[in-house]
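Visitor: Each protein sequence line maps, in turn, to chains B and A.
Going by my numbering, the first residue of the first sequence is number 1, and it counts up by one from there.
Going by my numbering, the first residue of the second sequence is number 1, and it counts up by one from there.
To be clear, the hints were calculated from the coordinates, so they are not data collected in a lab.
Do not take every clue at face value.
Any copy will do: because identical chains look the same in the list, a pair fits if it lies in one copy or spans two.
As the list claims (entries may be wrong) - Each computed SDA-like pair below joins lysine to any residue, with the alpha-carbon atoms no more than 20 Å apart: (1) 179 to 64; (2) 136 to 32; (3) 57 to 105; (4) 57 to 23; (5) 57 to 204; (6) 175 to 103; (7) 179 to 103; (8) 179 to 60; (9) 136 to 274; (10) 57 to 103; (11) 179 to 106; (12) 136 to 75; (13) 179 to 105; (14) 175 to 102; (15) 179 to 102; (16) 55 to 79; (17) 179 to 244; (18) 175 to 104; (19) 175 to 101; (20) 179 to 101; (21) 179 to 208; (22) 172 to 44; (23) 57 to 144; (24) 168 to 183; (25) 175 to 190; (26) 179 to 98; (27) 55 to 106.
Protein chains: 2
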Amino acid sequence: MNKEKSLSNFASRMFINLLGIPAIILLARAGGLPYTVFFGLVAVLGQIEFYNLIKQKGFQPWINVGVISGIVWILIAYLSQGLLCPLLLLFLLGFLLIVLFHPVTNAIVNVAVTFLGFLYLPFLISILIILREMPKRYDGNYLDGYFLVVLVFSSIWICDALAYVFGKWLGKRHKIAPKISPGKSWAGCIAGLCGALLTIILFYYLDWKPENLGLRDLLIIGLITGIIGQAGDFVESAFKRDVGVKDSSSLLLGHGGILDRFDSFLIAPGFVYLYLLIIL
Amino acid sequence: MNKEKSLSNFASRMFINLLGIPAIILLARAGGLPYTVFFGLVAVLGQIEFYNLIKQKGFQPWINVGVISGIVWILIAYLSQGLLCPLLLLFLLGFLLIVLFHPVTNAIVNVAVTFLGFLYLPFLISILIILREMPKRYDGNYLDGYFLVVLVFSSIWICDALAYVFGKWLGKRHKIAPKISPGKSWAGCIAGLCGALLTIILFYYLDWKPENLGLRDLLIIGLITGIIGQAGDFVESAFKRDVGVKDSSSLLLGHGGILDRFDSFLIAPGFVYLYLLIIL
Chain B
1 MNKEKSLSNF ASRMFINLLG IPAIILLARA GGLPYTVFFG LVAVLGQIEF YNLIKQKGFQ
61 PWINVGVISG IVWILIAYLS QGLLCPLLLL FLLGFLLIVL FHPVTNAIVN VAVTFLGFLY
121 LPFLISILII LREMPKRYDG NYLDGYFLVV LVFSSIWICD ALAYVFGKWL GKRHKIAPKI
181 SPGKSWAGCI AGLCGALLTI ILFYYLDWKP ENLGLRDLLI IGLITGIIGQ AGDFVESAFK
241 RDVGVKDSSS LLLGHGGILD RFDSFLIAPG FVYLYLLIIL
Chain A
1 MNKEKSLSNF ASRMFINLLG IPAIILLARA GGLPYTVFFG LVAVLGQIEF YNLIKQKGFQ
61 PWINVGVISG IVWILIAYLS QGLLCPLLLL FLLGFLLIVL FHPVTNAIVN VAVTFLGFLY
121 LPFLISILII LREMPKRYDG NYLDGYFLVV LVFSSIWICD ALAYVFGKWL GKRHKIAPKI
181 SPGKSWAGCI AGLCGALLTI ILFYYLDWKP ENLGLRDLLI IGLITGIIGQ AGDFVESAFK
241 RDVGVKDSSS LLLGHGGILD RFDSFLIAPG FVYLYLLIIL
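Produce the complete structure using the sequences and hints provided.
Guide: Okay, here's the thing in structure tokens:
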């Protein structure tokens, strides 16, 4: 990547963050449908981007089936306020049966990538909605869901920002996995983890946190966002590298690379949800 | 397929049925670990067959990761006596992260087909174990699980047998989907459905049934096994046709085509389980 492109990428990143971060915080505060619709859009646009990545490889994901299932799943997650396993089974059975209405060529791979696109985007994004709506389930204070998701988002954002800045500054050597993501260095990664943990500690002392979570719980959440969040970036980098594109946004010009912007939001919140299920 | 091969296929089918059907009924009667271990083996051998199918297409499913996950999932299903959605989320997150320890080439497709193999075999087969163990969950009579799975298996077997015999006899014309499965005719399909329903009615009058299921419930189960069971055969045919093999057993000589023998057991029981969740 040349310097100019790197700068314009950084500028677009800053611009999106400047508008996007306050917007997401406001949406998280509101919760309910506005928040669900926003992340539903993220899920569906990300899913289309993902399917376009796969098309570059010469496969034919069933975009319509995947996207309609994605929208239905997001609504189910919102309405049920929890992961419904029997419904996930129904989706899997449905995807398998829909094989019969598609050409046999590449049947296995096409059903596999279509279903993976559904799981990677709408299914994992639905966790963000479930986390926000969780207090409803336990008759808790509805704002606790707000504190929870903002805590998760903020630690991911600060982690990303510090990883970026420290990576530029100190990360000339000691790359983590240059074949997957040439830019990422251990220096940036450790700075990112520290950023995630410092965010958590700050939020704890400001008491911007769900009532029933203590410092230990919050630190575990910080470790998850700081470590798994960055690992999630690598997963998406591996997917892009597989296809041979640098930037998922280059596939869908105009809306700016949903996968690139939200890659840390896909895997880490799933682990946060699992941790909360254990302790709650 | 030439006549000789068709005959030897029929003979091997008869032989396996003659030994296999009473064995499976005895295992279902015993329940518990023997039944779980048997279907665990079916799941894992079927999964390996499925991965070998995919390898024919030039992809590299992570066989070890898939199979170990499959074994763990089967044990979890047995111990928990229900589908655990948070654990399925954990498996998905794990599969995504394991991308990072594999070559980037074909990363998306390899994770997609590995996960599909896990879902199609161990995950769906685990439903058979959950159905058998269900009464434990509801403090019911443990033999009700036996009656339930034998009812499902028998209606699938009779359906398959009648579809085969009537298909040979009357099914020269009116093929359903010759591109996917050249042998299957509407005559065979309708005979199969009638066979499934007649089995159900027979079991009802012999009172070989779970205590809390009435005739209507049983007939719905018969419709599921008679219709969806046959659709499940088509799904597997589409997968084999995609790869260009006639018989999944030809890939793993010796243990005789698990996917071919159990293809009707994969999708229909999932719908039976969903129906029971609705009515129970």
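Visitor: None of the hints should be skipped; say for each whether it holds.
Guide: Hints, verified against the model:
1. Within a single copy, residue 179 and residue 64 get their C-alpha atoms no closer than 33 Å, and across copies no closer than 24 Å, so neither meets the 20 Å cut-off.
2. Proximity of residue 136 to residue 32 under the C-alpha cut-off of 20 Å is restricted to the intra-copy arrangement: shortest distance 11 Å within a copy versus 38 Å between copies.
3. Taking the shortest Cα distances, residue 57 and residue 105 sit within 20 Å of each other both inside one copy (15 Å) and across copies (11 Å).
4. Neither within a single protomer nor between protomers do residue 57 and residue 23 lie at most 20 Å apart by alpha-carbon distance, with minima of 35 Å and 46 Å respectively.
5. Taking CA atoms no more than 20 Å apart as the test, residue 57 paired with residue 204 passes in neither setting, with 46 Å inside one copy and 53 Å between copies.
6. Taking the closest pair of Cα atoms, residue 175 and residue 103 come within 20 Å of each other only across two copies (17 Å); inside a single copy the shortest separation is 44 Å, beyond that limit.
7. In this homomeric assembly, residue 179 and residue 103 come within 20 Å of each other (Cα to Cα) only across copies, at 9 Å, whereas the closest approach inside a single copy is 35 Å.
8. In the homo-oligomer, the alpha carbons of residue 179 and residue 60 lie at most 20 Å apart only across protomers (19 Å), although the nearest pairing inside one protomer, at 27 Å, exceeds that limit.
9. For a Cα distance limit of 20 Å, the shortest separation of residue 136 from residue 274 inside one copy, 18 Å, qualifies, whereas the shortest one across copies, 26 Å, does not.
10. With identical chains, the CA atoms of residue 57 and residue 103 are at most 20 Å apart both within one copy (18 Å) and between copies (16 Å).
11. Proximity of residue 179 to residue 106 under the C-alpha cut-off of 20 Å is restricted to the inter-copy arrangement: shortest distance 14 Å between copies versus 28 Å within a copy.
12. Taking the shortest Cα distances, residue 136 and residue 75 sit within 20 Å of each other inside one copy (16 Å), while across copies they are farther apart (33 Å).
13. Taking identical chains as interchangeable, the C-alpha atoms of residue 179 and residue 105 lie at most 20 Å apart only when they sit on different chains, with a minimum of 11 Å there against 32 Å within one chain.
14. Taking CA atoms no more than 20 Å apart as the test, residue 175 paired with residue 102 passes between copies only; the shortest distance there is 18 Å, against 44 Å inside one copy.
15. In this assembly of identical chains, residue 179 and residue 102 lie within 20 Å of each other by CA distance solely across copies; the values are 11 Å between and 36 Å within a copy.
16. For the homomeric pair residue 55 and residue 79, neither the shortest alpha-carbon distance inside one copy (33 Å) nor that between copies (41 Å) is at most 20 Å.
17. For the homomeric pair residue 179 and residue 244, the shortest alpha-carbon distance inside one copy (12 Å) is at most 20 Å, but the shortest distance between copies (34 Å) is not.
18. Proximity of residue 175 and residue 104 under a CA criterion of 20 Å is satisfied inter-copy only: 17 Å between copies versus 43 Å inside one chain copy.
19. Taking identical chains as interchangeable, the C-alpha atoms of residue 175 and residue 101 lie at most 20 Å apart only when they sit on different chains, with a minimum of 16 Å there against 46 Å within one chain.
20. In the homo-oligomer, the alpha carbons of residue 179 and residue 101 lie at most 20 Å apart only across protomers (12 Å), although the nearest pairing inside one protomer, at 39 Å, exceeds that limit.
21. In this assembly of identical chains, residue 179 and residue 208 lie within 20 Å of each other by CA distance neither inside one copy nor across copies; the values are 39 Å within and 61 Å between.
22. Taking the shortest alpha-carbon separations for residue 172 and residue 44, neither the intra-copy value of 36 Å nor the inter-copy value of 46 Å comes in at or below 20 Å.
23. In the homo-oligomer, the alpha carbons of residue 57 and residue 144 never lie at most 20 Å apart, since the shortest distance is 43 Å inside one protomer and 49 Å across protomers.
24. In this assembly of identical chains, residue 168 and residue 183 lie within 20 Å of each other by CA distance solely inside one copy; the values are 9 Å within and 63 Å between copies.
25. In this assembly of identical chains, residue 175 and residue 190 lie within 20 Å of each other by CA distance solely inside one copy; the values are 12 Å within and 63 Å between copies.
26. Proximity of residue 179 and residue 98 under a CA criterion of 20 Å is satisfied inter-copy only: 16 Å between copies versus 37 Å inside one chain copy.
27. Taking identical chains as interchangeable, the C-alpha atoms of residue 55 and residue 106 lie at most 20 Å apart whether they share a chain (12 Å) or sit on different chains (13 Å).
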